[in-house]
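Make a model of the complete structure from these sequences and hints.
First to last, the protein sequences are chains A and B.
Just so we're aligned: 191 in my numbering is position 202 of the first sequence, and the numbers increase by one with no gaps anywhere.
Just so we're aligned: 122 in my numbering is position 133 of the second sequence, and the numbers increase by one with no gaps anywhere.
Everything labelled a hint here was simulated from the structure, so no lab data went into it.
Careful: at least some of the hints might be erroneous.
Since the list can't tell identical chains apart, any single copy or any two copies may satisfy a pair.
Unchecked claim - No farther apart than 20 Å at their CA atoms in a straight line, the calculated lysine to any residue pairs in the SDA-like style are these:
(1) Lys68 x Gln362
(2) Lys244 x Glu221
(3) Lys24 x Gln312
(4) Lys(-8) x Lys314
(5) Lys253 x Glu98
(6) Lys86 x Gly66
(7) Lys368 x Ala202
(8) Lys86 x Glu204
(9) Lys35 x Thr146
2 protein chains.
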Amino acid sequence: MRKPRLMTPGPASVPEDVLLELARPVIHHRSAEAKQVITEVASGLKEVFQTTNDVLILTASGTGAMEATAVNTVPPGGKALVLNAGHFAARWGDICKAFGISAVMLDTEWGQPVDPARVAEALKQHPDTACVMGTLSETSTGTGHPVEAIGKVVAETPAIFAVDGISGVGAMECRTDAWKIDVLCVGSQKALMLPPGLAFVSVSPKAWAKIDAFESRSFYFNLKSARKKMKEFDTPFTPAHTLILALRTSLRRIKEEGLEAVWKRHKLMSEACQAGVQALGLELFSARPAEGLTAFRVPEGFKDTDIRNRLVERFGLTTVGGQGKLKGQIIRIGHMGYSDELDVVAGLAALEMVLNDLGFEVEPGSAVTAAQQVLLGRKEVVAK
Amino acid sequence: MRKPRLMTPGPASVPEDVLLELARPVIHHRSAEAKQVITEVASGLKEVFQTTNDVLILTASGTGAMEATAVNTVPPGGKALVLNAGHFAARWGDICKAFGISAVMLDTEWGQPVDPARVAEALKQHPDTACVMGTLSETSTGTGHPVEAIGKVVAETPAIFAVDGISGVGAMECRTDAWKIDVLCVGSQKALMLPPGLAFVSVSPKAWAKIDAFESRSFYFNLKSARKKMKEFDTPFTPAHTLILALRTSLRRIKEEGLEAVWKRHKLMSEACQAGVQALGLELFSARPAEGLTAFRVPEGFKDTDIRNRLVERFGLTTVGGQGKLKGQIIRIGHMGYSDELDVVAGLAALEMVLNDLGFEVEPGSAVTAAQQVLLGRKEVVAK
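Laid out in structure tokens, this is it:
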């Protein structure tokens, strides 16, 4: 028997009751029932986003939400400041390029958090920036960026602050309104505990002013059309409405646990995982770890694929490696959404055993014990 | 008890075994299993499309496939000929407008099929047309257009022929290669028997030549990136892969029944539904009915919403009304995908009873009998 354990930083595990919603007979997407579902979901999303702004639903991957943000908020030839600190942050730049947006890339070493002071400096140099494009949790490096501090900086300028919260929202603290996030992009397949297929964008009044000032260069991702329809709890095109129906159940779960408790759980899982990995003598990759995943360097003399393949073969446990220039250098373990303390403990136990099998010197139980110390509140964790 | 019966022209009913696939634990979208699924699905889609061209998978509504077609095949300032004969055909024009494509609208009265001779004439007047944008089954009017004949006309010019087959493919005969369709757009929630969330585009070598000649103005809908990834049975972004997994089951069902048999079933259901509706003295809306739905005029003195609401209240049977300028004027009954002869018979019986309740003179059983005559092969059907 090989029990599947999906410990990837998205798609992440989906709770059984949410999966069962997906097996229900399909209803019509313009029915009274569908409208009622969208009404409840719209309110639940605002709670999870911690916003009173509009939250719009798109049928797309998270990247679709990023494209919608760029193409609607920055006019052709306009300027964006991209807080480039990883594979997904760089995607903001690629999107800008496709739409003729001039992207100023503020590079930060992968694994390091973006420095808000450098953002302030860059905005002084580029006062015509329409949109600052950042990331809450950079999935490629496992880094959480100081979004609150960056938000303060951007709020003092005419620019808006767009944040890729795709793998971050629901896994780590994120207060859209209090932190002055004008556009927040989120995907369904991470801490929102759904399969992929839906993306969400919240839009502030400051962002709407930018959006309303010019014609969008996209029909499918036109946020003005989406806003108009959302006023009637509807969408411009046939949405992936069975996922929206399932989202209702996910959001009810989050509401029942309480958003602060959800954040706390993720923080605890993250710290436990970090402690466990470090107890094995492995090096964390990020200087400011995100809370939905843990990235560590592949120990010298070992291949990431050997470790990851063996995790799958022996324990049915799926992790991911590095992307882009980090290919082969790191392993990333997801602990977001439908994931609890024991999943982390089990994941660490598997890692111990697999490393042992491969000849890496491991004290069996050491990672697990270190994680338990954290879970029992007996150990403070310092990332590096 | 009210048993739900979804007789809308999309979303359409999903078979139980396909629904159960959606309730399976989520796997990783880059795993060997996911790749194997995409490999099988890619081949199944080619069979259903009747093509050897690339078929690409997008995570989007059907409209996303249309946007991908326009933005990738027609350069900025280029020209498209839109075969404008309904609400969804008009959408081609809206998409062109958003992307600065000059759209020549060849208007045809709603409910009438596009005349291939007029397409030939328009292409003579506009020899610089890059793309002719048409429709296989216009869902808003229930009309099937003569795509084969139009394809012949377009093939003789430098223009490519893009067809919105969203509600048509799988419900009516469509031979992409033999009919010279360069780009075929399909959605998941119609005759492919899935919930909404996926869209597909097939692309011919003639279309690739156009696409390769300039840079796409979209990042999310960049077909060149999708082609590159599809060569490895992968997608550029996290796809709605649980829907792809379920699609495998749908495609296996189509393969088992046989595509020709599937088309024949739809033709029979369509003719039976037309005969039933006409037996009640109701007027079909379309001069060339599509085979996945039947549209008829609301009888004088009656309100479409009264009829449709009562169908829901009494029988849990959902239909749709008219869109745009046809609002209130027609009722559309879907019989596509997971739909059989008895569904049509039951739908007609419900219509008889509801019309009777509302005071419309009905001979009980007349629609059902007429439909049965067709199903038994005893009656030839003439649309008008």
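These are the hints, each one checked on the structure:
In the homo-oligomer, the alpha carbons of Lys68 and Gln362 never lie at most 20 Å apart, since the shortest distance is 48 Å inside one protomer and 67 Å across protomers. Taking the closest pair of Cα atoms, Lys244 and Glu221 never come within 20 Å of each other, the shortest separation being 24 Å inside a single copy and 40 Å across copies. For the homomeric pair Lys24 and Gln312, the shortest alpha-carbon distance between copies (18 Å) is at most 20 Å, but the shortest distance inside one copy (40 Å) is not. For the identical chains of this complex, Lys(-8) and Lys314 are neighbours neither inside a copy (32 Å) nor across copies (55 Å), given an alpha-carbon limit of 20 Å.
Proximity of Lys253 to Glu98 under the C-alpha cut-off of 20 Å is found in neither arrangement, the shortest distances being 28 Å within a copy and 61 Å between copies. Within a single copy, Lys86 and Gly66 get their C-alpha atoms as close as 10 Å, and across copies as close as 19 Å, so both meet the 20 Å cut-off. Within a single copy, Lys368 and Ala202 get their C-alpha atoms no closer than 52 Å, and across copies no closer than 60 Å, so neither meets the 20 Å cut-off. In the homo-oligomer, the alpha carbons of Lys86 and Glu204 lie at most 20 Å apart both inside one protomer (18 Å) and across protomers (10 Å), since each shortest distance falls under that limit.
When the C-alpha separation of Lys35 and Thr146 is checked against a cutoff of 20 Å, the pair qualifies neither within a copy, at 25 Å, nor between copies, at 52 Å.
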